[in-house]
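Visitor: For reference, the chains in residue letters:
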Amino acid sequence: MQELAVVAFSQSDCLARAGAANEVELIMPQLQAVYAQVGIRNAQDVDFVCSGSCDYLQGAAFAFVAGVDALGAVPPIKESHVEMDAAWALYEAVLKIRMGQAESALLYGFSRSSSGDLPMVLSQQLDPYYLAPLWVDSISLAALQARLLLEAGLASEQDMAEVVVRSRRNARDNPHARLRGDLSIEALLAEDMFVSPLRRADCAPVADGAAAMIICTVARAREWGVPYAVLSGIDHRIETHNLGMRDLTDSPSTRLAARAAGVAEGPVEVAELYAPFSHQEIILARALELGPDTRVNPSGGVLAGNLMMASGLSRVGEVFRRIVAGDARRGVAHATSGPCLQHNLVAVLESAS
Amino acid sequence: MSKLAAVVGIGQTRYKTRRGDVSIAGLVREAAANALEDAGLGWDDVEAVIIGKAPDMFEGVVMPECYLSDALGCNGKPMLRVHTAGSVGGSTALVAASHVQSGSFRRVLTVTFEKQSESNAMWALSTPQPFSVHLNAGAGGYFAPIIREYMRRSGAPYDVGLKVAVKDRLHGARNPLAHLQLPHITMQEVEESMMLWDPLRFLEACPSSDGACAMVIADEELATRSPKPPAWIRGGAMRSEPTMYAGRDEVNPRAGRDCAADVYRQAGITDPRRDLDCAEVYVPFSWYEPMWLENLGFAAEGEGWKLTMAGATSLDEGGDIPWNCSGGVLSSNPIGASGMIRFAEAARQVRGDAGAHQVPGARLALGHAYGGGAQFFAMWVVGADKP
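Just so you know, the protein sequences line up as chains A and B, in that order. Per this note's numbering, the first sequence starts with residue 49, numbered consecutively. Per this note's numbering, the second sequence starts with residue 22, numbered consecutively.
Source of the hints: derived by calculation from the structure; they are not laboratory data. Owing to the predicted nature of the structure, the values given are computational and were not obtained by experimental measurement. Positions of the beta carbon are idealized from the N, C-alpha and C atoms, including for glycine. Heads up, some of the hints might be wrong.
Straight line, CA to CA, 20 Å or less: simulated SDA-like cross-link-like pairs of lysine to any residue [said to hold, decoys possible]:
{"#": "1", "chain 1": "B", "residue 1": "327", "chain 2": "B", "residue 2": "220"}
{"#": "2", "chain 1": "B", "residue 1": "24", "chain 2": "A", "residue 2": "148"}
{"#": "3", "chain 1": "B", "residue 1": "327", "chain 2": "B", "residue 2": "337"}
{"#": "4", "chain 1": "B", "residue 1": "37", "chain 2": "B", "residue 2": "141"}
{"#": "5", "chain 1": "B", "residue 1": "24", "chain 2": "A", "residue 2": "95"}
{"#": "6", "chain 1": "B", "residue 1": "249", "chain 2": "B", "residue 2": "66"}
{"#": "7", "chain 1": "B", "residue 1": "24", "chain 2": "A", "residue 2": "151"}
{"#": "8", "chain 1": "B", "residue 1": "407", "chain 2": "B", "residue 2": "220"}
{"#": "9", "chain 1": "B", "residue 1": "327", "chain 2": "B", "residue 2": "295"}
{"#": "10", "chain 1": "B", "residue 1": "24", "chain 2": "B", "residue 2": "245"}
{"#": "11", "chain 1": "B", "residue 1": "24", "chain 2": "A", "residue 2": "51"}
{"#": "12", "chain 1": "B", "residue 1": "249", "chain 2": "B", "residue 2": "127"}
{"#": "13", "chain 1": "B", "residue 1": "24", "chain 2": "B", "residue 2": "94"}
{"#": "14", "chain 1": "B", "residue 1": "24", "chain 2": "A", "residue 2": "265"}
Covered, in the sense of this in silico footprint (three residues per stretch, anywhere, with C-beta under 8 Å from a C-beta of chain A), are these stretches of chain B [what the hints assert, rightly or not]:
{"#": "15", "region": "68-78"}
{"#": "16", "region": "93-99"}
{"#": "17", "region": "102-114"}
{"#": "18", "region": "121-127"}
{"#": "19", "region": "251-263"}
{"#": "20", "region": "378-391"}
Extracted from the complex, chain B is given alone in its bound form (with noise of 0.2 Å):
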């Protein structure tokens, strides 16, 4: 069965809109040295580099792990890249965990990034394909006809969204990392935005961000004489569906059902808003929040707003279920490092490490990302305490 693999050292570069000081092996370089500085370890102490980013064409160059090997000091080592749309970053971690709780590596870095000011994402996102439909409309739009279904379905209120907004915002203030800083952000200010999909506002959409998330992910001895405290990684779960198919809920996919309920019964949770103490979860578009409570089970369905709406998932509110402390994918997305941003952020909340984003006493957190057409998912839970 799995062994014991817990995360022992964790490293993000500052978020930005172009980071124009780095090229794309400094950048993941930057990332991969603070992990390794936390850790207490240098670039030879790791066995091997798991790397994920999204799709090439954002930065074009294809395959970009092989250019960079060196910057990763992975030469003469195993490198793998994963690549799984905008869940990658969470599959990464789970594939990099799997190298340990496999027995097969003692420890191992990961990273991921995305350099977005290299090209135009929303471009890249849209090539027409031959005989496809060719959706010229970026993740926005695509995702805009589901948020609407949400709120015919839900009968939310208008403003779930400018609160979303508003919330995570705050959050990522905390932050020094986030890319936004806006800590006197008001709904007003949200509302006022520019509509770019309706119902989603300029301000209730993600940004576009250069950065990398890295960590050290280390067997159960190596993370017992770690010099700070580790993450245990309690559960980790994989779903895929298809983008379309007949009696598809768009709006509660069942595969994050179905991923959520495998990895809270790894790590023994059965009311995931009871046991866990915070939640980092892929929200890049406002109303994804409430959307998310439902389909991952803090909610019943129909009642995740109520819970936004209540402050329930505000730290500054003192809510019970924090979500997005570190201020989540609304305040920084460099797309393919943001699904380890919040396995990350969720490791750090239970090392006890997140500094003013931190939710006190936290000791069980869940990660969580999506992509594709909110088809794949990955998901891990963390704690403070060995299982």
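With the rest of the complex left out, here is chain A (with noise of 0.2 Å):
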């Protein structure tokens, strides 16, 4: 099969409020910067776009449509949309280059969450006829999966603030994070609950903002003569709906993509997983059977700082960057969407030596 590279990514900053920034303005900086890290001038030097953006986060139908703006498609483009997070836009655009009918694709997502009350509009993703009109927000949802947890022995409160405190610290050295510094174990114990048995810091804290990238053959990649990394495999997968039909302390759904992804093949170095609750990355970490030896998340992960729709792409990002700096030869990204971790997407990268 065609071997993929991925050549370039940027990120917005994590932003509480974007403040009047529309789509476009959330967008070209992210577009310009990919651009520039490859030499292109224009999403007219790639042969495939897709993007990955939610309308109910903007509160508009076709809130996508504002993003071709930022494009330049004159003359036209191949383009496409996923109502989902931007790391399926990437999926899309893999197909795209492996069928032969693109050597190049651009991606991004975005939104502006702070425009509602993000855990409550997630409430109307789920069911609408059982599940929604009861407005279980996602928050609670993710409340009652780290309950199972702790009651099932499989994690502590303890073990929940240890992955905030290396969230934290590792957002010390992203310049993108909302959250960052040093944090004591025992001073987040002794928070109060925010839902129980959450606290507001094992949340990850809204974000507007964009991200982007550009993936190609490698042929392509030596062509723009740029530093790649190889997207060796990926593969997502989705669960029932039906929470009380699920093992919420497992990710079967993660454990199937992680095989057809190939994680195992090789020594994981790096980690970025999209853990939107601290007791979510223990399930991630334990689906993808990481080991001690690697790191997970040092960008410091969605907690702190969760771009809906662009976190999934960012957490493959991230990974690429660490590649082609030098910092890992291999690494894993995980993208998730729906309640509770529902769907599952698990991608590998490598360095191209």
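Assembly of the complex is requested from the two constituent chains, each provided in isolation within its own frame, with the hints serving as guidance.
Guide: In structure tokens, the structure reads:
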């Protein structure tokens, strides 16, 4: 199968509130950054463009249409959109390149989650007949999951606090993070419960912003003469929506995707996991069978700043950045969608040499 | 290069104003189960599900693919949700095909739907946005001025729209699934219907429907041994352009012309009117037939209305290039599915499985969808013959 390369990535700061910035203003700086990284002018210089966003976060039907204005799509371009995190836009682009209809692709994801009350908006993602009318918000559902994990003895509040402490510490080196610094486990555990057993720090902070990436064939990457990471595997799986039928303390869909993406076929030096709640990082690390040698979320992960619809793509981008910088030779990126990790994507990136 | 892929199963629901008898999950499952039955397959034979629909606000469910995973037998499999405005039905079919054409999957299920009775599409399309002009007009109000410009440029007579409205409803009367069943409709009746957005009258506009459409797409080997004739995908293309830019031709958008040229090149089509046997084209408002006849190269610029008036696009008048034999969007319009219905109906024609609206001997057909401000296009050409 065609070998694919990630050649460029950029992410905005995770802003608590992007103010009056519209979609184009959110996206444009990230597009300019990835164009500059590979030395192209605009979206006309790639063969395919795909984006990820969610109308409900913007509060508008066809919110992604405004995004097209950031592309300079004159003459018309080959372009598509998923109502999902942009990690799935990456997946669509991978298929497009594998089928030979493109050699390069531009991907981006964006949102302004601050426009609404995100946990309540996400409650309307649930089964509209039986669950959505209850208005169970995404944090409450995650809290139920965390409670199951604690009661099964599969994690402790201390373990969850450790995830948060590491996230904030790692985020000190991430200029785009919203939350960073030195926390102690003791201080965290002394904080009040938010939605028991979750404390505020266990929940990813809402952020506005965008991320962009360029992928291509290895041949095109060499032609452009830019450093690249090989995207050696990518797969995604969904689970039942019925929370009562899932083992919420595990992530079988992540296990399936990891196997199909070939995670175990080599050492995992670095992993960037889309875990919007601290306990979910513990679940995911187990599902991916990560060992003590794997550095998990060296960027701080989404607990330091969560760009809805872009954070999954950013996880891939963060692994890419570490591989081309020589910090790691092989890494895993993960993206999630839906309540309590219902849908998961796993990608494996390797150094080119 | 692209691997061969073909449609081996097609399933649709009956289209209605309101399908109060089924939930959203029940609606999509009905179409999917029909497609699997048509393909002689079960849920376990599908490796991935690709789902599409227009804005989530049409039903009020955020990213409904999460909730629909169970109904579509998708648990443990990949599920992808496409949304490219009105063209989404076509785009979803193309994204589904790419799963197989890339060699990554052998057989996938693709489903699109809209349950418009759950909300008010006009409202959902007109939410005011900060810093933007608020167009509280719906789709008809948006397209009417563009149609008037077409009439001015082409000098087309007043009754072209009336003719299309009648022609597609007579086609729809042959299709038991069609929402509108108007076998006795006349041009006078259309003319006397209420003016909505000058020059579009009530009967020149599409209905608002509940419905779903599904297809099973398989690789070469599986398609060859499928029980019913496959519809081979001979080409697929998508194009997008901004809603507005200086010099944009909104009557004859370049994105549509480029998309058609791309798909014709892949399918080896040089003269679409001659080479194709029929077409299913997204015509939500009557006048878009002559406009798209020109945009898609079936007629020279300014000449499209002449084909319509001569009956060239009518099955009932024995036209040489029948358009929208299923009744088209003018007869059934579950928005998110409407594009895929075009793609699926094109496939039904070349499979010889279109019932009373079959074009005799159809071997090669075009499926077309557009969306946004006529700025997103998706097209495919399907054929009875393996390329």
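Visitor: Hint by hint, note whether the structure agrees.
Guide: Hint check:
1. 327(B) with 220(B): At roughly 18 Å apart (the allowed maximum being 20 Å), residue 220(B) and residue 327(B) satisfy the hint.
2. 24(B) with 148(A): It holds: about 9 Å lies between the C-alpha atoms, which stays within 20 Å.
3. 327(B) with 337(B): holds (17 Å)
4. 37(B) with 141(B): holds (15 Å)
5. 24(B) with 95(A): Holds, because 19 Å separates the two Cα atoms, which is no more than 20 Å.
6. 249(B) with 66(B): Answer holds: residue 249(B) to residue 66(B) is near 16 Å, not above 20 Å.
7. 24(B) with 151(A): With Cα atoms ~16 Å apart, residue 24(B) and residue 151(A) stay inside 20 Å; holds.
8. 407(B) with 220(B): violated (44 Å)
9. 327(B) with 295(B): holds (16 Å)
10. 24(B) with 245(B): holds (14 Å)
11. 24(B) with 51(A): Measuring from Cα to Cα gives roughly 17 Å; hence the hint holds.
12. 249(B) with 127(B): Status holds; Cα separation ~17 Å.
13. 24(B) with 94(B): violated (26 Å)
14. 24(B) with 265(A): holds (18 Å)
15. 68-78: holds (count 4)
16. 93-99: n = 5 at 8 Å, threshold three: holds.
17. 102-114: It holds: at least three residues are needed, and the region 102-114 of chain B offers 6 whose Cβ sits within less than 8 Å of chain A.
18. 121-127: That given contact holds, which follows from 4 residues of the region 121-127 of chain B lying within Cβ reach (below 8 Å) of chain A.
19. 251-263: Coverage by chain A holds here, the residue count being 6 at a Cβ distance below 8 Å.
20. 378-391: Contact hint for the region 378-391 of chain B vs chain A: violated, 0 residues under 8 Å.
Hint check: violations occur at hints 8, 13, 20; the rest are consistent with the structure.
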